[in-house]
Amino acid sequence: MFKRFFHSDLGELYKNESVQVYLEQLMEEHRDLSKKLQHAYLSESDRKGLTKKHTELLPLASVFRSIEQAQKDLEEVSSLLKGLAGTKDEDEDLTQLLKEEEAQISSKILALRRDLIKALIPTDPLDSSNVLLEVVSGRTTGGDICQQFTKEMFDMYQGFAFYKNWDFEVLNYTPAEYGGLHHAAARIAGENVYRHLKHEGGTHRVQRIPEVGLSSRMQRIHTGTVTVIILPQPVEFEVHIDPKDLRIDTFRSRGPGGQSVNTTDSAVRVVHLPTGITAECQQTRSQLQNRETAMRMLRARLYQGMMGKETEQRNTARKQQVGTRSQSERIRTYNFSQDRVTDHRTGYTTRDIKVRFEASVIYFS
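Quick note on numbering: the sequence shown equals residues 1 to 365 in full-length UniProt numbering.
FYI, nobody ran anything at the bench for these hints, they're computed from the structure. Just so you know, not all the hints are guaranteed correct.
To be verified - Listed next, with one range per pair, are the computed distances between beta-carbon atoms:
1) S34 x D245: 37 to 47 Å
2) E101 x K36: 49 to 59 Å
3) P122 x S66: 16 to 26 Å
4) Y41 x K118: 33 to 43 Å
5) S128 x T95: 46 to 56 Å
6) Q338 x I248: 24 to 34 Å
7) Q338 x P122: 25 to 35 Å
8) P122 x E191: 30 to 40 Å
Stated by the list, open to error - Computed list of lysine to any residue pairs in SDA-like fashion (alpha-carbon distance at most 25 Å, straight line):
9) K35 x E24
10) K82 x A61
11) K53 x L94
12) K354 x P243
13) K35 x H54
14) K15 x S106
15) K118 x P175
16) K15 x Q25
17) K36 x E24
18) K72 x A61
19) K164 x K72
20) K82 x L94
21) K354 x K108
22) K108 x V63
23) K72 x N16
24) K15 x R330
25) K108 x K52
26) K53 x K72
27) K108 x T227
28) K52 x S66
Don't be surprised by glycine CBs; every beta carbon is placed ideally from N, CA and C.
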């Protein structure tokens, strides 16, 4: 089910106006480079730089030309079919052959479009990394939709991890009333996890009528937000932490009363004194396990700080690749009343929210 949705989304994304404009700019740049490389007066260093850029654009240009040629072939076949339709000389066998060819060319165009969109995504040296996922309930105009939606988002990512055969280790889980969620964190390990999830980080806006809680009685649409944080998970030796720079606090776990997890100081908070960065874990009854988990989370956050400038450059490159304006605070809106999901970075809109949540395919990267 995931592949069906995902492939369809890529094919439709090709038609996006901003994507089309960006592709035209790339093709124009490739043509300009081809002309410049024909000049004999270029210095060796200039020719080397132009050749490198020309080589980078060559695969994109090749696929783009293949799409243009396939579209011409499709127009020709469609014209022949239209000319045969309803005439005395209409040959049923020929008509059937042309229809089959028309379907084959259409499938070829869709496949080429998918390849082109995938080729637009820049490579990232961190793509093969595991990730630390956090979901944090945001603010709302009223009601409990933030907490409810935070849980749905976390469950969706867990379902997607299951689909991809990734390991999903819950590090922190702070429930809210009425079955919602204030905050949750998980470590996701597997093949190319960061490549699949890196574009999920940001503010996700939800618009819906609350299904549970006090506000559900009002039967009016509320607006809220959920913040998703995606951090590449470093290996242990990538971040050196001096024990003297740490303050480790223990406290009783917060959560439903009466559970033995709340009767001892098993929860752990680790503070990195030079930066003020904090990580805490209260997931298990073992103080040692919670401490190890908190240290992993702290390393990931420190690593993200170290990679801040490079991360900013990668984000800029991604925005340029899809040809959008600078990223606004919200990256995506989920409007349940209109059964609509809109990604504000690409302008792409899709439907069937509930089906996609059940299939864990609210996924645009």
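Now the hints, each set against the structure:
no. : hint                    : result
1   : S34 x D245: 37 to 47 Å  : 55 Å, violated
2   : E101 x K36: 49 to 59 Å  : 39 Å, violated
3   : P122 x S66: 16 to 26 Å  : 22 Å, holds
4   : Y41 x K118: 33 to 43 Å  : 38 Å, holds
5   : S128 x T95: 46 to 56 Å  : 50 Å, holds
6   : Q338 x I248: 24 to 34 Å : 48 Å, violated
7   : Q338 x P122: 25 to 35 Å : 33 Å, holds
8   : P122 x E191: 30 to 40 Å : 19 Å, violated
9   : K35 x E24               : 17 Å, holds
10  : K82 x A61               : 31 Å, violated
11  : K53 x L94               : 46 Å, violated
12  : K354 x P243             : 47 Å, violated
13  : K35 x H54               : 11 Å, holds
14  : K15 x S106              : 14 Å, holds
15  : K118 x P175             : 38 Å, violated
16  : K15 x Q25               : 15 Å, holds
17  : K36 x E24               : 18 Å, holds
18  : K72 x A61               : 17 Å, holds
19  : K164 x K72              : 38 Å, violated
20  : K82 x L94               : 12 Å, holds
21  : K354 x K108             : 31 Å, violated
22  : K108 x V63              : 11 Å, holds
23  : K72 x N16               : 20 Å, holds
24  : K15 x R330              : 23 Å, holds
25  : K108 x K52              : 29 Å, violated
26  : K53 x K72               : 29 Å, violated
27  : K108 x T227             : 39 Å, violated
28  : K52 x S66               : 22 Å, holds
In terms of the numbered hints stated before, the structure departs from hints 1, 2, 6, 8, 10, 11, 12, 15, 19, 21, 25, 26, 27, listed from lowest to highest.
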